[in-house]
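Spelled out, the chains give:
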Amino acid sequence: MSRKITIDPITRLEGHGKIDIFLNDEGNVDRAYFQIPELRGFERFAQGRPAEDMPQITSRICGVCPTAHHMASTKTLDDLYKVEPPASAKKIREMIYNIFVIEDHALHFFYLAGPDFVVGPKAPKAERNILGVLGKVGLEVGKEVIGMRKQLRELMTLASGKVIHPAFGLPGGISKPIAKEDQQIFIDVAKHAVEFGQFSLKLFNDVVLGNSEYVDYITSETYTHRTYYMGLVDENNKVNFYDGMLRVVNPDGKEFLKFSGNEYLNHIAEHVEPWSYVRFSYLKDIGWKGFVDGPESGIFAVAPLARLNAAEGMATPLAQEAYDKFYDTLGGKPVHYTLSTSWARLIELLYSAERMQELANDPDIVSQDVRIIPTETPEEGIGVVEAPRGTLVHHYKTDNRGLITSANLIVATQNNSARIALSVDKAARGLISNGNVDDGILNMIEMAFRAYDPCHGCATHALPGQMPLIAYVYDQNRKLIKEIRRD
Amino acid sequence: MSNDEAIKAQFEPKIVAFFCNWCTYTAADLAGTARMVYAPNVRVVRIMCSGRLDPQFVLAALREGADGVLIGGCHPGDCHYQEGNYKALRRFTLLKSLLKSMGIEQERVRLEWIAASEGDKVQRVINEMTETVRQLGPLRLEPTIYNLIEDSLLKIPETATLAKGDEL
Amino acid sequence: MSKPKVGFYWCASCGGCEEAIIDLAEDILPVIEAVDIVFWPVALDFKRADVEAMPDGDLAVGFINGAIRTSEQHEMVELLRSKSQLIIAFGSCAHLGGIPGLANMFNRQEMFDEVYIKSPSVNNVEKVLPSEKIDIPEGKLTLPSMWDTVKTLDQVIEVDYYLPGCPPPVNLIKDALKTILSGELPPNGTVLAPDVALCEECSRRDSKPEDLALREFKRPHEIIIDPQQCLLAQGLLCLGPVTRKGCGAACINVNMPCTGCMGPTGRVTDYGAKALSAIASSVDSKDEKEIAEIFNHIVDPVGTFYRYSLPASLLHRHYQQAKSRGK
Amino acid sequence: MSTTEIRSNGTPKVGVYVCHCGINISSKVEISKTVEFAKTLPYVTIVRDYKFMCSDPGQELIQQDIGEGKVNRVVVASCSPLMHEPTFRNVMAKGGENPFFFQMANIREHVSWVTRNKEEGTKKAKSLIAAAVCRVALHQPLERKRVSIHPDVLIVGSGIAGIHAALTLADSGKKVYLVEREPTIGGHMAKFDKTFPTLDCAACILTPKMSAVLAHPNIILWTYSEVIGVDGFVGNFKVKVKRKPRYVNEELCVGCSECIEACVYKKARVEDEFNVGLSKRKPIYIPFPQATPLVAVIDEASCLELKRRKCKKSCVDVCEPNAIDFDQTEEIKEIDVGAIILATGFKTFDARRIFRYGYGKYNNIYTSLEVERMVNAAGPTSGEVILKSGQAPKMVAIIHCVGSRDNNTNRYCSRVCCMYSLKIAHLIKERTGAEIYNFYIDMRTPGKGYEEFYDKLLKEDVHFIRGRVAEITDWAMTPEEEGKLIIRAEDTLVGAVRRIPVDMVVLSVGLEPQADTEEVRRLFNISCSDDGWFLERHPKLAPVSTFTDGVFLAGACQGPKDIPDSVAQAGAAAAEAMALIDRGYVELDPNTAYVQEDFCSGCKTCVNICPFNAISFDGDKNVAVVNGALCKGCGTCVAACPSGSLQQNLFTDEQILNEIKGVVSYV
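Chains as they are written, first to last, in my numbering: chain A, 3 to 489; chain B, 9 to 176; chain C, 2 to 328; chain D, 4 to 670.
Hints were generated in silico from the structure; no laboratory data involved. Predicted, not measured: the structure shown is a model, and the values here were computed from it. Careful, some of the hints might be misleading.
[Claimed, not checked] Away from chain A, derived, C-beta distances all over 12 Å, residues of chain C: (1) LYS4; (2) LYS6; (3) VAL32; (4) ASP37; (5) ILE100; (6) PRO131; (7) GLU185; (8) PRO187.
[To be verified] Label pairs and their computed distance ranges (CB to CB): (9) B/GLU13 - D/ASN616: 51 to 61 Å; (10) B/GLU13 - C/VAL126: 49 to 59 Å; (11) A/PRO365 - C/GLU159: 51 to 61 Å; (12) A/PRO365 - C/ASN189: 53 to 63 Å; (13) C/GLU159 - D/SER668: 17 to 27 Å; (14) D/LEU633 - C/PRO187: 20 to 30 Å.
The beta carbon of each residue, even a glycine, is placed where N, CA and C say it ideally should be.
Throw the hints in and build the complete structure from the sequences for me.
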């Protein structure tokens with residue numbers, strides 16, 4: 003008769019991430035399960051809707067990264083109607099998209115993961131939040147962060163209508179050009195954003211890398227998984243969020259696959275477990291071998307670390323510098339340390355800022371010609387972008403009136419879900435032996451979560467953010483013998 | 009006899025009718041004066057013109073427990089207010105396609121032009137509609153208020169795939 | 002005296018409502034001054050036990066966003082109801098059901114089949130479906146059960162006020178907080194937004210003709226949209242006339258029609274029915290066939306007229322799908 | 004639904020009064036059960052039942068309860084609101100409450116008279132009462148709008164009915180516009196020789212009235228004219244009249260007929276409408292010697308000048324007063340009137356439709372109207388009854404009910420045929436001494452002196468054969484049938500089929516609605532009964548009114564009538580119009596639309612919806628504005644208003660939604 007530990011954010015009633023750890027009679031971990039307990043089924047109720055409504059409908063999958071879904075959906079419509087948007091429209095889309103990446107990465111680092119690194123994982127709970135960060139780095143910095151985010155989101159509102167749930171995406175372009183007189187604002191904010199990116203990396207340097215304790219965390223075996231990595235790359239195999247080919251490297255960092263989004267079904271498949279509402283992505287070419295890592299397992303990772311691993315560099319100078327430093331410091335490519343994701347994220351933030359600056363200065367950005375009216379009869383379309391949390395695929399089929407007949411959505415967290423489960427299982431095995439349940443396990447597990455910044459809002463429903471955890475330890479008779487709480 | 013058939017057998021449909029004051033309501037009065045006996049299932053709400061019919065009224069009737077809705081107006085061209093019945097026709101047409109998409113049987117909502125002199129048509133239409141709706145069986149909309157769910161007619165058999173929350 | 006306690010909670014939502022609160026940016030500081038936020042899962046920690054421990058009515062205000070679609074969510078909001086003096090349905094989902102409410106066009110079985118079996122990327126020959134109670138080699142696992150029908154907040158608990166919008170516009174959130182903190186409470190059931198339709202604050206208002214005389218409907222991707230002229234006048238199904246104002250006509254500002262996330266005005270019972278009544282009234286044809294032909298171009302009546310309010314509608318959900326569920 | 008606040012006179016105290024209507028209601032509605040049920044409804048404080056609620060004691064009950072403050076809103080469950088709503092609203096007022104805190108439940112026309120048994124009736128009655136109670140609880144006090152009435156009257160059609168109505172009104176000092184589409188007034192009656200049963204000469208009694216019309220200072224007579232547009236409402240109609248050009252100046256023409264003589268057509272070759280085709284006329288003509296006005300008219304279709312513009316116009320040369328004016332064009336007159344009387348009359352049944360009677364196929368088969376002309380001294384044969392051959396007939400058959408009481412043509416009885424057939428029989432016998440056979444289904448001679456007239460004819464040895472004629476043929480079976488028309492009919496009294504050879508056949512054609520009844524009906528916004536005649540508001544209580552206030556009916560346009568009835572009804576219509584005008588104002592039901600300005604977004608959806616242009620858009624305030632005087636209260640704009648900011652008095656969304664709730668959710 004085995005024992006069962008349930009780790010559950012504020013009891014099941016919260017309805018979000020949930021972990022069950024099963025111990026054998028020796029008190030060692032048999033298996034740890036990470037469960038996602040809700041589903042909204044956009045795939046189903048997308049059916050019957052007009053395709054052109056999908057960018058606005060699917061953005062409601064996630065209010066944290068609505069722009070990612072909006073953009074993936076809009077690109078899907080281009081493909082569905084076989085219409086190539088004007089260069090200007092593409093550039094505006096990409097610029098807005100990079101602005102979104104900047105602010106989303108900033109949000110994650112400073113509001114969510116930041117506290118662990120800046121304030122320190124051992125610091126009292128009360129301090130491990132944005133206010134704690136401010137305390138450490140000074141209120142000025144805090145104002146800076148809030149101000150930056152505000153500026154960026156105002157620009158997004160200007161161009162896309164609403165920053166939360168944009169409205170401007172249409173097949174063949176966007177609904178509204180950028181006014182000439184507005185270009186300067188974009189240029190100014192871009193300049194500011196680049197400085198902000200550099201500042202954030204410097205902060206990470208000083209506060210995190212300066213502290214050997216953190217580095218140990220980052221490199222600790224508990225958070226190391228030798229899996230495949232996937233990400234979008236441009237024609238030079240440099241990281242790109244808006245467009246390009248999907249590149250997959252194997253656990254040794256060698257290119258394993260390079261394919262266009264339209265071929266995703268040849269390479270990405272999903273596995274279903276009865277105990278979770280999330281679907282687990284894996285590489286079709288390798289196959290599903292269960293929750294194990296290594297070259298024999300189809301499990302792969304997406305999101306910042308994966309993108310850096312999957313690419314050969316960054317397309318902008320400052321980001322490229324940071325990229326090189328990243329791999330020098332962590333011992334060359336690929337990097338398997340889950341916790342280094344936060345660092346990778348800041349490198350991407352800088353890239354997006356630089357890319358924004360390039361585009362903001364591009365004369366096309368204020369071209370008034372931003373639409374091409376589709377003429378083809380719609381049938382099937384696929385669109386891929388790199389959401390901040392990883393590769394995002396939209397795939398629609400329609401009838402000849404453009405009404406959705408089937409929709410498939412593979413979102414970042416689905417791609418990561420297997421690796422997340424892996425981290426949880428590994429953390430559990432690493433920290434529980436002979437029935438001794440180390441209270442620290444909850445910290446460690448939560449840190450693993452945050453590194454991925456799992457957006458279960460995207461994957462199914464559960465939301466990102468700090469996850470207070472409770473562990474219940476049951477004896478053979480399922481009686482509660484111990485309660486561990488991580489407040 | 010299946011459960012459904014059993015229900016239908018002793019089922020008396022409730023049908024709400026919206027009749028315009030000048031033609032159809034008058035026709036219904038005429039049917040009365042002429043002692044034309046017809047099914048008692050239709051209950052008339054008088055409006056001045058079929059153009060007053062807000063589609064909300066139709067849905068409200070179904071929500072409140074009607075199994076069908078009948079709308080009666082003057083023949084095209086005869087509207088006491090010149091065009092009200094055309095407006096009714098437009099709204100009705102779009103409403104029908106909405107109801108279709110919502111899975112409500114088309115026959116449950118019907119629009120008829122009945123002139124003041126057509127008492128016999130009132131009789132015919134009401135008898136027809138009552139039979140049609142009887143055949144369709146009761147309209148059992150799921151209650152919107154959660155705690156009413158217990159009394160819901162929409163009870164469905166427990167099956168392995170369904171859990172507690174679903175008994176609504 | 003101690004500051005009034007406030008709580009935020011989410012149900013079936015996307016997190017956009019939380020983001021909207023974060024978007025108050027520095028404006029949130031005075032709020033933090035004035036109140037004591039006891040729980041806010043997205044940003045602060047709290048434990049259900051703490052809430053249970055509170056005396057009834059201890060919370061001054063409970064903000065709840067998201068639609069209700071699991072028994073857990075139902076229990077939780079009932080708990081919050083008992084602990085809060087005021088419950089505010091925050092955002093379209095809590096208010097009207099929102100986009101997730103479109104799931105009421107189907108039932109749970111249909112959804113599972115689609116997501117876990119039919120989906121082209123899924124490899125699931127054994128047709129494994131997630132279920133509430135699962136036997137696994139190591140023992141038993143459970144998942145929370147999902148309802149067939151998405152509900153609005155006020156369909157499961159009593160709601161005092163509503164903040165409309167997907168998400169609620171920042172300025173409305175500010176005003177709402179002000180109003181509530183001021184203690185001068187509007188009548189129960191009030192929607193905390195101006196009770197006038199969007200046309201009033203639309204920059205294209207004056208370009209709207211008195212006689213629309215619609216003879217065909219266009220879809221946004223089909224035409225080059227004039228940036229000044231009323232969208233309805235261009236044949237686009239803009240729901241501004243039916244929809245509550247307060248967003249500043251955000252979508253219309255980027256040349257896209259209003260889809261109605263702010264919901265109906267106070268005098269309207271069923272948003273979709275009202276919308277279709279207004280639209281149909283502006284159609285210019287007396288011929289039965291022609292009329293049908295014109296409406297044929299409204300390709301998705303439900304998705305168009307009930308984009309955010311299907312669960313709040315009088316019909317509530319798809320009828321046949323409800324009947325056939327589980328069969 | 005927005006929360007329902009209760010307005011005005013405090014918490015509703017609803018009184019429900021259930022009427023037995025003798026046994027009309029109580030025979031199908033369990034009164035006691037209904038009463039018990041009504042007591043359980045919201046806001047209900049008192050429930051009573053009474054034999055006849057509309058009777059004085061019935062009304063007393065309500066007034067008393069209001070007076071004693073027991074009720075402030077009333078539901079009467081009785082007959083149709085179209086019947087007694089006004090009655091009970093007055094009761095409210097008399098009791099000191101606003102008349103609109105009242106709602107009627109129609110449990111007679113809609114329940115007791117159409118249900119099989121008490122169980123069904125009671126159930127349905129309950130649901131209607133529940134609906135009324137739920138609704139009345141939300142009623143609001145309203146004011147009736149008073150609109151002054153234009154004192155002039157329009158009369159359309161100048162047959163005997165129109166003429167009589169016109170004179171009656173004119174004599175009472177009302178200004179009357181009399182519009183006639185023919186060149187002369189007089190209608191069908193002017194064509195007759197004698198009238199039954201008195202056999203006095205039609206002309207002698209009609210022509211004085213015709214000249215009186217022409218001479219009357221209060222009558223504006225427009226012949227050869229048609230109404231082409233009617234706008235407005237009771238008391239304030241705006242009417243457009245088209246005056247067709249007659250190419251002869253009415254003021255100048257003295258009716259000397261010189262022009263007719265002088266016409267380039269030496270021989271008349273145009274079919275003469277007045278003589279129903281029995282004679283010919285010229286392009287320029289005067290319909291008949293007593294035509295009123297006595298003014299020539301030129302018919303465009305046949306006049307050489309008007310057709311080809313190359314006539315030497317001898318008519319113009321001979322006309323001393325220079326009345327002929329080929330440049331005359333049609334003229335549109337716009338007039339304001341307070342009331343309208345329709346006296347558009349009838350047309351006779353087209354005998355060709357019954358093929359087996361051979362009309363138009365055989366010679367010497369005439370319709371009754373043709374014979375009316377033939378026997379008329381001023382007619383085509385100067386009063387002689389002759390066959391095509393020129394000789395007088397020795398045997399004449401008169402066939403009744405041609406186009407009446409016949410499922411293939413008209414099911415109704417035309418009411419006048421029996422009598423005029425007797426008249427014709429008498430006149431032919433008088434003039435020719437021929438043997439006359441009447442083929443009838445039933446003899447219908449109710450009316451003062453009618454039955455006596457029938458007896459008189461029987462004594463004159465006119466034969467009456469009871470039976471419908473099967474066919475009329477020229478196929479002779481015996482020598483004596485040679486060259487005759489043979490009537491084949493079953494004599495139902497003898498029980499044998501008979502063949503009767505005759506020289507002449509008279510088809511007593513029935514009366515039918517005018518060919519353009521449908522257009523006229525729409526023009527004046529009234530209804531027709533299913534046999535096509537104009538529909539009166541109530542067959543007994545409002546026989547000359549229509550469902551459109553201010554529009555009245557006179558004469559045969561409402562159904563077949565003989566002269567006495569037409570005149571009587573014309574008098575009644577005139578009296579109704581007079582009563583309306585002399586009151587000086589009408590009270591309009593206040594069921595108009597109104598804008599809640601604070602809520603109106605200025606979306607303009609409603610503006611163009613209104614067919615009466617009652618809604619305008621105020622650009623400064625950016626709101627829609629309803630002009631209460633123009634609003635007719637259909638509520639179409641209210642259903643259209645996307646934000647529910649437009650509402651309709653007496654029919655607010657709330658009231659209707661509550662009525663819906665009431666009608667379904669209680670029973």
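Verification of the supplied hints:
Under the 12 Å C-beta cut-off, the non-interface status given to C/LYS4 relative to chain A holds; the minimum distance is some 17 Å. For C/LYS6, the condition that its CB be more than 12 Å from all CB atoms of chain A holds, with the nearest at approximately 17 Å. Residue placement check: C/VAL32 keeps its beta carbon more than 12 Å from all beta carbons of chain A (closest about 14 Å). Every CB of chain A lies more than 12 Å from the CB of C/ASP37, the least distance being 14 Å, so the non-interface label holds.
Distance check on C/ILE100: its Cβ comes as close as 4 Å (rounded) to a Cβ of chain A, failing to clear the 12 Å threshold; non-interface status is violated. Taking the minimum C-beta to C-beta distance to chain A, about 5 Å, the non-interface status of C/PRO131 is violated against the 12 Å cut. At the 12 Å boundary, the C-beta of C/GLU185 stays outside the reach of chain A, the nearest C-beta of that chain being 29 Å off. Residue placement check: C/PRO187 keeps its beta carbon more than 12 Å from all beta carbons of chain A (closest about 26 Å).
In this structure the hint that B/GLU13 and D/ASN616 lie 51 to 61 Å apart at CB holds, the actual value being about 56 Å. With their beta carbons about 39 Å apart, B/GLU13 and C/VAL126 fall outside the hinted range of 49 to 59 Å. A hinted range of 51 to 61 Å for the beta carbons of A/PRO365 and C/GLU159 is consistent with their spacing of about 57 Å. Taken as a hint, the range 53 to 63 Å holds for the pair A/PRO365 and C/ASN189, whose Cβ atoms sit roughly 56 Å apart.
In this structure the hint that C/GLU159 and D/SER668 lie 17 to 27 Å apart at CB holds, the actual value being about 22 Å. Distance hint for D/LEU633 and C/PRO187: a CB-CB separation of about 37 Å, inconsistent with the stated range 20 to 30 Å.
Comparing the model with each earlier hint shows violations of hints 5, 6, 10, 14; every other hint is respected.
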